[in-house]
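From first to last, the protein sequence lines stand for chains L and H. Those letters in the first sequence? Residues 30 to 208, per my numbering, in order. Those letters in the second sequence? Residues 5 to 755, per my numbering, in order.
Take these hints with a grain of salt, some might be off.
Said to hold, decoys possible - Derived DMTMM-like pairs: lysine to aspartate or glutamate, alpha-carbon spacing no greater than 20 Å straight-line:
| id | chain 1 | residue 1 | chain 2 | residue 2 |
| --- | --- | --- | --- | --- |
| 1 | H | K697 | L | E82 |
| 2 | H | K189 | L | D193 |
| 3 | L | K183 | H | D137 |
| 4 | H | K223 | L | E82 |
| 5 | L | K203 | H | D137 |
| 6 | L | K203 | H | D693 |
| 7 | H | K429 | H | E380 |
| 8 | H | K708 | L | D193 |
| 9 | L | K183 | H | E133 |
| 10 | L | K183 | H | E186 |
| 11 | H | K189 | L | E181 |
| 12 | L | K183 | H | D179 |
| 13 | H | K697 | L | D193 |
| 14 | H | K636 | L | D193 |
| 15 | L | K183 | H | D586 |
| 16 | H | K40 | L | D147 |
| 17 | H | K708 | L | E186 |
| 18 | L | K183 | H | D253 |
| 19 | L | K203 | H | E380 |
Hints listed in this document are in silico derivations from the structure and should not be mistaken for laboratory results.
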Amino acid sequence: MAVKKIKLSPEQKRKMLLVLRVLLLTAAVLYLLFLFYNNYFLDDKIKVYFSTENANYLKSEKRTINQESDLYFQIFDELKSGPESSGLTATIPAGSQLLDYQIEDKMIILNFNQAFRDNHWGGSTGELLTIYSIVNSYTSLEEIQTVRILIEGKEVESLVGHLDLTQPLMYNQKLTEGS
Amino acid sequence: MSVPRKFGIRILLLILSIFILSSTAAAQNTIYFNSKDITSEIETVSREGELLIKARDLAELLDADLTWRPALKSLEMKSQNVTIKIMANSRYIQIGNDALKTRAGLQLVDNQAYIPLAKSIEAFGYLLEYQRDNEELYIFQPETTINNVSWQEDGNQLQIKMDEITPYRILHSEDGREITIEIDKAVIDQEFSDNISNNNYYLRVVNVPDRALLRLIIKSRTPIPFQIDGGVYEYEDSLVLSFLPQLKDIRIDKNNILKVEATGEIPDAKTKYISESKKMIIDIPSVVIGNFDLDIENHPLIKDIKVTQHDLDPVILRIEATMVNGDIFKPLKREKNSLLAFKPGQRSEITNLDYAAGSFSFDSSSALNPELFLLETPPRLVMNLYHVNRGAGILDKIEVNNSLIKNLRTARFDEQTVRIVADLKELTGYDWVEEEKNGIYHYTVNLKNKFAEIRTEDNDKYQYLDILMDSRAEYEVKKFNYPHRIVVDFKNTLNNLDEFKTIEKTSLIKDIRSSNYQLEGEEVTRLVFELNDYYSHRVETYQDKHGIKIALAKDYLNKQMKEDREIESHLIVVDAGHGGFDPGAIGMTGLEEKVSNLAIAREIASQLADKDQTVLLTRNSDRFHSLQQRVKFANARNADLFVSIHANSFNNPQTGGVETYYNQHENNQNRFLAEKIHDKLGRGLGIYDRGIKESNFYVIKYTKMPSALIEVAFVSNPGEEKMLQSSKFQKKAASLITEGILDYLEENGGK
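Make a model of the complete structure from these sequences and hints.
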């Protein structure tokens, strides 16, 4: 079969060029917007981690920093209020309160109330996801590298009998899905 | 028309008043008596910032006799042996000869006497604990009385005697100079007097009245060494805290004997000499620098002595003595275990020069700092020893003529040095080890072994891997699965496999590889035989351990062979998670995790015992043990294996399945154990396989032997909760775990 060469009239050519120009312009605008967004808006976001529904991993959601409130209390409040997407599950037991915190040389010491322990559902998986959802959320901040957890001001062996809380904890990559 | 309206207004008022009433009620404290909420059973009022209770309600609560003398407006309450008196318009509560000041005192409300709740209940010997910003008040009967706190063992042990051990915590300050022991629900005996500080430690007992606990605070001038698994143990009804002995005195007596004394037992110290700087270094393990006397000045032998806490983990005290003229101080035989003595001017003597295939060894009367190097023509290894003499029986030359060494020669090189030379057949690598026994230091120099030949062989039943070495091999054979492989690790061996032609592979062997790596600080040469499937294997040695022959059975390991397998006896600690006041996770129909954990742990113990294994349970009843106690239990007994049994939980009832956790250690044994166990559980238990996971769980992190933690099933999943309750499922889980443990032992031999 012979190849038929398509001939375009000048009118058609002009139209095609116009479409191309518009497309290019839109792309450029989008690119600029993207750059702008990255530079000016992403800094206002924090990451908070929740459990996946199958309780195998942690996955983060973004939240806007509330300039009026304390950032470190806000992170725990966000963890407590739970995820926005339906495939995720909250990890903080009811009645939990972050009583106070202290930052020492890139380590944050979080002091929780007794209910954080008493109302916890237990289990290795349960404990792991609760503790590391907190640890991963705080250590996503540039200024925090490790997290220590206290209950009512006291050092504890573990929250519910598994995880070693006598040492500071670092960001847990293995539990983080998709990385 | 107006009637319904009036009615409506009334309803509105009623609702409003209910609202107001209930909101004031909510502002009141919640009060618990022995864990029971009694807020609604008692009447309280608040006066001058103090909570007052109706005296009658309190009397009923404490089962006390109440006497009201209207003439005196005085109230008397008697419960057990305590009588308290309080008068209207007085702020004091009288207990015997003591008076307790309150803020509000006795108040009459509607002709009823109200008295301060906290103070009067305290007067009766109860404990109070405020929680949630003082919104909740807990009243407890003390659960234990501390009868005595005393120093034992020359002040190196603190014994806290009490009726019963209640939950306690040991906290230490950041600088390590202060330890606090918090004991819950404890009161101190009234006879106790607070004058128990000793030379090194200052001790104080503090009652924390509003948190129902007692604090014992120990302070020291220097950091108090306290390790994660050291220091505290429970002895009958006492808590015993052990402190490391402290340095007491360094002196040199008129016979020029250097003496170092501590407040307790000093383990054997290690001494080193640095000839250039004329220094002797004495490293003493497990002794702490304290308040010590040092009385050496302008001594003809010793110029200067410096004492430092060289290390805290492990604890090492370092004494650095600079000598006037480079004399050697030799440790003397110990007479007292709290005293080290050194005699000057003695050179160490070397004796018992001996050799074996690929190594030679000798003894020295003190620790040496040998210097070793190789020389090329002719090939020889030179060892310089400083400040030594050749003892009796050390010859100038010994003819050896084994696979690596031709001769051993010894000579005095100069005033300071004795030299040992090993004439070698060819240059090879070396290392040396020091072992100390009864004050004699034994040195062994190992020349590196080499592979002489590697062959494969095939017959009807077996295929053989045959490895021949130049000298006696130090090796370990391991088998791994997925991918299936046999691994042979050789210590102190030169990897000269390049010199061989490719080794012929057989039908069972896919590939042969070699690599070098560090295992526990030692260089290891590893040979890996990749297999195409799982085969059972047997290891034999020949030619006085020069050769290793591994037979691979062509038949798969069948069931009968498995039944018949014989595994050496090991000490296995099985840990049933939680217990006592800690129920662990709780299921919807009320199954407490601790119950099924114990049932499964017991079943594992009995099944392993049938296979001639020695099994210890961390608990065999419903008792609480801290995680640290469980770890200590296994470490102190030097167990070969530790397995912790748990049931899982999550805040989603649909989550279910079995998982096995390990803690990543350098030598991977934890992972191998978890793999063996989970290999069985994942396939055999019949519930969802959630896989093997790595985590820093306390009991598997701090146990020194291979360990794993098994989450058998989810107690938070109603279906699995039911399974966990059935003895059939418990037995099945136990037998799968047992099989996994036995598989591991068969292939890795524990530890």
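Violated hints - listed by number, lowest first: 2, 4, 5, 18 and 19
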